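2 protein chains.
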Amino acid sequence: MKTLASLSKAQLTDMEKKLSDQYNDFKSRNITLDMSRGKPSGDQLNLSNGILTAPLENYITEQGIDARNYGILDGIDEVKRLFSDLLDIPCYNMIIGGNSSLNLIYDAMARLYMFGSLGSTPWGKLDKVKILCPVPGYDRHFAICEEFGFEMVCVPLKKDGPDMDMVESMVKDPAVKGIMCVPLYSNPDGTCYSDETVMRLAAMETAAPDFKIFWDNAYGVHHVFKQVSLMNIFDACRQFHTKDRILYFFSTSKITFPGSGVALVAAGDEYIREIKRHFGRQTIGYDKINQLRVYNFFKDVDGMLSHMAALAKELRPKFNIVLETLNQEFEDSDMLQWKKPLGGYFVSVNTMHGCAKETVRLAKEAGLSLTNAGATYPYGKDPDDSNIRIAPSYPTCDELEQAMELFCICVKLASVRKALEYK
Amino acid sequence: MKTLASLSKAQLTDMEKKLSDQYNDFKSRNITLDMSRGKPSGDQLNLSNGILTAPLENYITEQGIDARNYGILDGIDEVKRLFSDLLDIPCYNMIIGGNSSLNLIYDAMARLYMFGSLGSTPWGKLDKVKILCPVPGYDRHFAICEEFGFEMVCVPLKKDGPDMDMVESMVKDPAVKGIMCVPLYSNPDGTCYSDETVMRLAAMETAAPDFKIFWDNAYGVHHVFKQVSLMNIFDACRQFHTKDRILYFFSTSKITFPGSGVALVAAGDEYIREIKRHFGRQTIGYDKINQLRVYNFFKDVDGMLSHMAALAKELRPKFNIVLETLNQEFEDSDMLQWKKPLGGYFVSVNTMHGCAKETVRLAKEAGLSLTNAGATYPYGKDPDDSNIRIAPSYPTCDELEQAMELFCICVKLASVRKALEYK
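Taken in sequence, the protein lines are chains A and B. Take the first sequence: its position 355, counted from the start at 1, is 355 in this note's numbering, and no numbers get skipped. Take the second sequence: its position 208, counted from the start at 1, is 208 in this note's numbering, and no numbers get skipped.
Derived from the structure by calculation, the hints contain no laboratory data. Any given hint could turn out to be false.
What the hints assert, rightly or not - Partial list, computed: chain A residues near chain B (C-beta under 10 Å):
| id | residue |
| --- | --- |
| 1 | GLY38 |
| 2 | ALA67 |
| 3 | ASN103 |
| 4 | GLN282 |
Note that the structure is predicted; figures quoted are calculated from it, not measured. Ideal Cβ placement from N, Cα and C applies to all residues, glycine included.
Construct all of the structure, not just a fragment, from the sequences and the given hints.
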C-alpha cells in the first residue's frame with residue numbers, strides 16, 4: 001500500500017497540482033449531481049406505477065369494511081397479513097400507521113417522553129435520558145433524539161452490529177433508556193446484525209425496566225447482492241421475557257413510493273395494547289384506501305419479494321459503479337476505507353482523519369451534493385471527520401460514473417492537502 | 001305545551017304502558033341501526049369515487065417535483081392553493097399534513113406539552129393547564145385534552161358561540177391555556193360563531209402569553225340548508241396582533257373519504273415557522289400522491305363547492321327526516337328541546353334532565369346505537385344528563401325513519417318513567 005505519509009513533500013506537491021487541475025477541469029463543466037439522500041431513482045419508482053394507475057374498484061376489505069369510511073384503527077387485515085408473513089410478526093402485535101415509519105419512531109419517542117411505558121416514569125420527567133446510538137448511523141434518528149433532549153451516546157458498529165460488550169456495560173446505567181438500531185443493511189454502513197447480536201440485545205439485563213430497542217428495519221427486504229437473514233427479535237426476546245422492550249418499525253417507503261407507502265410499528269403484547277390506547281386518542285384511523293392500494297399491488301409476500309428483486313436489479317449496477325470505482329482508485333491506498341454492503345441503500349466510506357468535511361466541501365463546490373460530513377454521527381460531529389455516506393440510488397448510471405470520478409478526485413485532493421500540512 | 005309534570009299519575013302510568021308496548025314491539029323486530037358517529041353514507045362516499053378510479057398519470061407537481069419521491073414537507077403547491085382559496089389563509093401559514101386533522105390537533109397539543117411555543121414553558125412542565133371547552137362539544141377533542149392531563153373547563157355554547165363574557169373572564173387565569181372551537185356548524189349543536197364572537201376571541205387579553213385557540217373548522221364548507229359565513233380568524237387576530245394564538249385545522253375527511261383525505265394545520269407567521277421545524281424532525285413529508293389525487297378531483301374551489309352542494313343534497317333529506325319527526329313528536333312537549341342546524345353533521349337534542357342516558361340505553365337495547373349520552377361533555381359527564389347527539393348521515397332514509405321513530409319512543413318512555421318517579 002502506498003501511504004501518503006511515505007511520500008515526500010515534492011511528490012505530494014506534484015500530486016496536489018495534478019489533482020487540482022483535474023478538479024478545476026471538473027468544476028468548469030458546471031455539473032449538478034446529487035448523491036446526498038437515499039432517494040430512489042425514477043426508474044425504480046416506475047416499477048411501482050401500477051399503484052398509481054390501477055383503479056380501485058373494490059373498496060370493501062376482507063373484513064367487510066368499507067375502506068372509504070371511518071373505522072379500523074390499526075390497519076386492514078390484508079396488509080397486516082402481508083407484513084406478518086413478510087416479517088414473521090403476529091398481526092396482533094402490529095399497528096399499520098400512516099405513510100412514514102420515521103413519524104412512527106418520533107411518535108413512539110414522544111409517547112415515552114410524555115407517558116412513559118407500562119407504568120414507568122415519563123422520560124420527559126427524568127433529569128437525564130441517554131440513548132445508545134451505534135455509529136455511523138442515520139441522521140434522522142439522531143435528530144429525533146435531539147428534539148427530545150435525549151443524550152446520545154455513541155457505540156461503534158462492528159461488523160456484526162453494535163459493540164455488544166460496550167452496550168451490555170452501558171445499559172447498567174439506569175439513565176440509558178434505549179438504543180437506535182437499523183439491524184439489516186444499516187444506514188450508512190450496510191452492517192447486518194448477527195444472530196448473536198440480536199440474542200444479546202434480547203437477553204441483556206438493563207438497569208432501566210423501560211429500556212427500548214428502536215428496531216428500524218428500514219431495509220429488511222432490500223437485498224441487493226445477497227439475502228442476509230436477520231434473526232427475529234420477537235423470537236429472541238420471547239426467550240428472555242423481554243418482548244416489551246421492542247419497538248419495531250418497517251415501511252414500504254423504499255419499496256414503493258417514499259412518503260406514499262404504509263408504515264408499521266410493532267411491539268410486545270402488553271406494550272402494543274398501551275400504544276393502541278394512545279393511538280385511539282391520536283387518530284380515528286390511518287388511510288385504509290392507501291393500505292388497500294399497496295396490498296392490491298403486492299397481494300402476498302411473493303409479490304413483494306419479486307418486486308424487491310426487480311428493485312435490486314436496478315440498484316446493483318449503481319452499487320457496482322461505486323464499488324468498482326473505489327476499488328480502482330483506492331485499492332492500494334490509505335486515503336479511503338470502505339466495506340462492500342450486501343444490501344440497503346448506501347456505501348459508507350472513511351477518509352483519512354480530518355478529510356471528510358473538506359471532501360464534501362470540494363465536491364459541493366464542483367456541483368456534487370453529498371450527505372454532509374458528520375451527519376452520520378450524533379450532533380453532526382464525527383470525531384474523526386472521516387465518514388461519508390454515498391447514496392448511489394438516485395442518479396442515473398451515467399451521472400453516477402461522473403459523480404464517482406469527481407468524488408475520488410475530491411477525496412484525493414483533500415487527503416493530499418492534509419498530508420502536505422504535516423510536511 | 002303539555003308538560004309531563006302537569007299530568008296525573010294515572011295518566012302517566014297509562015302513557016308508560018302504551019309506550020312500553022310500542023317499544024317492545026320495536027324490540028321484537030330485531031333491527032340494527034347506527035346513528036352513533038358522524039359517518040357519511042355509502043351514497044355520499046360514491047360521490048367521491050372518481051378519486052379511486054382515476055389513474056394518476058401525471059405525478060409531477062406544478063413545482064416540478066416528482067410526487068412519488070421524497071421531498072416537500074409542508075404540502076404541494078396545488079393543494080395549498082386550493083385550501084388557501086377556499087379558506088382565505090395564506091399558503092405560507094399552512095402545512096398540509098396527513099390524513100387526519102384530529103391527528104394534527106393531537107400533535108399540536110403534544111408539541112405544546114413537550115416544547116411550549118415561541119419560548120414559553122412546555123405545558124407538560126406546568127402544575128396545571130386548563131383548556132376551555134364549549135359544551136356540548138366533540139368527544140374526541142375532550143379525549144385529547146384528557147390524554148395530556150389538561151383540566152377541561154366547560155363553557156356554555158350560546159347561539160352565536162361560546163359564552164364570551166365567561167371566556168374573557170376565565171382567560172385572566174394564567175393556567176387557562178387554550179380553547180377548543182368548532183366555529184361553524186359545531187359538533188354537535190350546529191352553532192355558528194358570530195363575527196362578534198370571533199372578534200372577541202381575537203381581541204381578548206389572555207393572562208397566558210401562549211394561549212391557543214384550537215380552531216377546528218371541520219365543517220367549514222358543510223352548508224346543508226344555508227351558507228353561513230364565518231369571519232376569518234386570521235384577519236381578526238391580525239388587527240390585535242394575536243395571530244400566534246391561532247391553531248387552525250381543516251380536512252377533507254367529511255368532504256371525500258374519512259381518513260383518506262388530506263388535513264391541514266395553519267398558524268400565524270412566527271408560530272408556523274416553529275411548527276415546521278418540529279415537523280421537519282417528525283417526518284420527511286406527507287403523502288403527496290394522495291394530495292395530488294385530491295387536488296385532481298377538485299381542481300379548484302368551484303369544483304369543491306359544487307361537490308359540497310351534491311353532498312348537501314344527500315344530507316338534506318336526512319336532516320329533514322330527523323327535524324320533521326322531532327317536530328311532529330315533540331313540538332308542543334317539554335320532553336325534548338333542539339335547534340335546527342343550518343349545516344354540519346349533527347342534530348343535538350336535550351331531553352328532560354336525567355333522561356339522556358336512559359334514552360340511549362333503551363335505544364341500544366332495541367337495536368339503535370346512539371352516541372353515548374354524556375359524550376358531548378368533558379369526562380363524559382353531562383351535568384344535566386340531557387344532551388344526545390343524533391348523527392343522521394350514515395343510515396339510509398328508510399333506516400333513519402325507523403331509527404327516529406324508535407328514538408322518539410325511547411325519549412318519551414324515559415321521560416314518562418322519570419316523571420313517574422316524582423309522583
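Quick rundown of the hints versus the structure:
1. Proximity of GLY38/A to chain B holds as hinted, the smallest CB-CB distance being about 8 Å (cut-off 10 Å).
2. With 10 Å as the threshold, the beta carbon of ALA67/A comes within range of chain B, its nearest partner Cβ sitting at about 8 Å, so the hint holds.
3. This hint holds: ASN103/A has a C-beta 4 Å from the nearest C-beta of chain B, less than the 10 Å allowed.
4. Restraint check, GLN282/A versus chain B: the minimum CB separation of about 4 Å is within 10 Å; hint holds.
Of the numbered hints given earlier, the model fails none.
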